[in-house]
Amino acid sequence: MASFAPEILATVGTFPITNTVVHTLVVDSLLISISLYVSRTIKTIPSFFQNTVESILESVLNLTDSIAHSAAQYIFPYVMSFFLFILTANLTSLLPGFGTIGFYEDVEGKKELIPILRGATSDINVTFALALVSVLATHMLSIKLTGIKDYVSRFFSLNPINLFVGMLELVSEITKVLSLSFRLFGNIFAGEFTLATVSKLFAFLFPLPFLLLETIVGLVQSLVFAILTLVFMAILTTPHHPQHEEVIHT
Amino acid sequence: MSITITGGLIMAIGGIIPAFTIGLIGAKAMEAIGRNPEAAGRILPPMLLGMAFAEAIAIYSLILAFTK
Chain A
57 MASFAPEILA TVGTFPITNT VVHTLVVDSL LISISLYVSR TIKTIPSFFQ NTVESILESV
117 LNLTDSIAHS AAQYIFPYVM SFFLFILTAN LTSLLPGFGT IGFYEDVEGK KELIPILRGA
177 TSDINVTFAL ALVSVLATHM LSIKLTGIKD YVSRFFSLNP INLFVGMLEL VSEITKVLSL
237 SFRLFGNIFA GEFTLATVSK LFAFLFPLPF LLLETIVGLV QSLVFAILTL VFMAILTTPH
297 HPQHEEVIHT
Chain B
4 MSITITGGLI MAIGGIIPAF TIGLIGAKAM EAIGRNPEAA GRILPPMLLG MAFAEAIAIY
64 SLILAFTK
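Top line first, the protein sequences correspond to chains A and B.
Start counting the first sequence at 57; every next residue gets the next number (the numbering used here).
Start counting the second sequence at 4; every next residue gets the next number (the numbering used here).
Hints may be right or wrong, so weigh each one.
Residues on chain B that point at chain A, a partial pick, calculated with CB under 10 Å [unchecked claim]:
(1) 20
(2) 23
(3) 48
The following label-pair restraints were derived from C-beta to C-beta distances [as the list claims (entries may be wrong)]:
(4) 70/B - 72/A: 36 to 46 Å
(5) 107/A - 15/B: 45 to 55 Å
(6) 234/A - 15/B: 38 to 48 Å
(7) 70/B - 100/A: 46 to 56 Å
(8) 27/B - 226/A: 49 to 59 Å
(9) 257/A - 22/B: 16 to 26 Å
(10) 34/B - 107/A: 30 to 40 Å
(11) 204/A - 67/B: 23 to 33 Å
(12) 69/A - 27/B: 44 to 54 Å
(13) 48/B - 100/A: 41 to 51 Å
Just so you know, the hints here were simulated from the structure itself, not pulled from any lab data.
From the three backbone atoms N, C-alpha and C, an ideal C-beta is built for every residue, glycine too.
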């Protein structure tokens with residue numbers, strides 16, 4: 057339970073299938089089947105299920121619109137899919153059976169439980185991949201919406217002060233990946249660890265408030281990841297006006 | 004033994020400022036709700052977001068404490 061690395065269940069070729077990969081696939085198939093079902097059975101007079109999905113989508117779309125304005129239609133799919141994936145992964149990893157049902161295996165002479173399912177976001181590889189996708193998509197959207205010239209002028213400039221600021225921007229792009237991934241991973245992993253410790257102390261009723269806390273943490277962290285992605289994308293897709301252009305205009 | 008001490012120290016020192024910050028955010032939110040009780044629903048989500056950002060600093064030190 058206390059190990060950072062996910063437990064390996066089987067290997068296909070050289071690719072290890074870990075318990076977090078299994079959970080990622082479960083979450084993916086859940087989300088894909090729900091979205092396929094909703095998009096196939098869409099009606100003018102919505103059913104209860106369609107209504108629920110629409111209200112969730114609409115609230116996030118309104119938030120995106122209020123922050124990103126004209127670029128909202130490009131940004132919204134990323135924000136929504138990050139939010140849904142992380143929320144589903146966080147909440148389903150609190151279900152009973154995660155980290156407890158598995159089989160015993162001899163690891164260095166000791167018998168250890170290898171759980172079949174483990175929360176996807178409690179694996180640094182998953183959160184790091186999510187953060188990488190988020191930052192790379194931000195840069196691609198920036199090139200697509202503001203043009204390559206404007207994009208490059210954000211980081212490199214002939215003005216020495218702007219060049220220095222651009223270098224700082226470049227460094228902040230790297231720290232963005234680290235902070236996004238560590239924030240999500242740390243919160244969920246710490247939550248898992250807390251729940252395991254508390255359940256060891258006293259198994260009945262006592263872990264309940266902690267479970268409630270972890271539910272809130274899972275919701276808030278998925279919201280934080282989505283909103284940060286949204287804000288980064290909104291900042292990088294607004295055209296960057298270099299100083300000399302403004303001088304020409306005035 | 005030294006492992007326990009370093010991990011504990013990282014967590015203890017790294018937890019000071021985030022704990023203080025979360026307390027500050029909570030206190031200010033309570034103050035705001037006290038001034039305007041009807042706005043409690045609107046104050047709560049930004050407060051939780053701010054707390055999540057402050058908590059992230061403590062989480063970084065938690066990861067460092069585990070990995071040393």
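Outcome of the hint check:
1. Among the interface hints, the one on residue 20/B is violated; its C-beta lies about 16 Å from the nearest C-beta in chain A, farther than the 10 Å criterion.
2. Using the Cβ-Cβ criterion of 10 Å, the hint placing residue 23/B at the interface with chain A is not satisfied: the shortest such distance is roughly 19 Å.
3. Interface restraint check: residue 48/B against chain A, minimum CB-CB distance 8 Å, threshold 10 Å, status holds.
4. Restraint check, residue 70/B to residue 72/A: a C-beta distance of roughly 21 Å breaks the suggested window 36 to 46 Å.
5. Roughly 49 Å separates the CB atoms of residue 107/A and residue 15/B, a value that falls within the hinted 45 to 55 Å.
6. A C-beta distance of roughly 23 Å is found between residue 234/A and residue 15/B, which places it outside the suggested range of 38 to 48 Å.
7. Between residue 70/B and residue 100/A the Cβ separation comes to about 55 Å, which falls inside the hinted range of 46 to 56 Å.
8. Between residue 27/B and residue 226/A the Cβ separation comes to about 32 Å, which falls outside the hinted range of 49 to 59 Å.
9. The hint said 16 to 26 Å for the Cβ distance between residue 257/A and residue 22/B, and at roughly 22 Å that hint holds.
10. Distance hint check for residue 34/B and residue 107/A: the Cβ-Cβ separation is about 38 Å, which falls inside the suggested range of 30 to 40 Å.
11. Checking the proposed 23 to 33 Å range against residue 204/A and residue 67/B shows it is violated: the Cβ atoms sit about 39 Å from each other.
12. Taking the beta carbon of each, residue 69/A and residue 27/B are about 52 Å apart, inside 44 to 54 Å as hinted.
13. Judged by the Cβ atoms, the range 41 to 51 Å given for residue 48/B and residue 100/A is violated: they are separated by roughly 32 Å.
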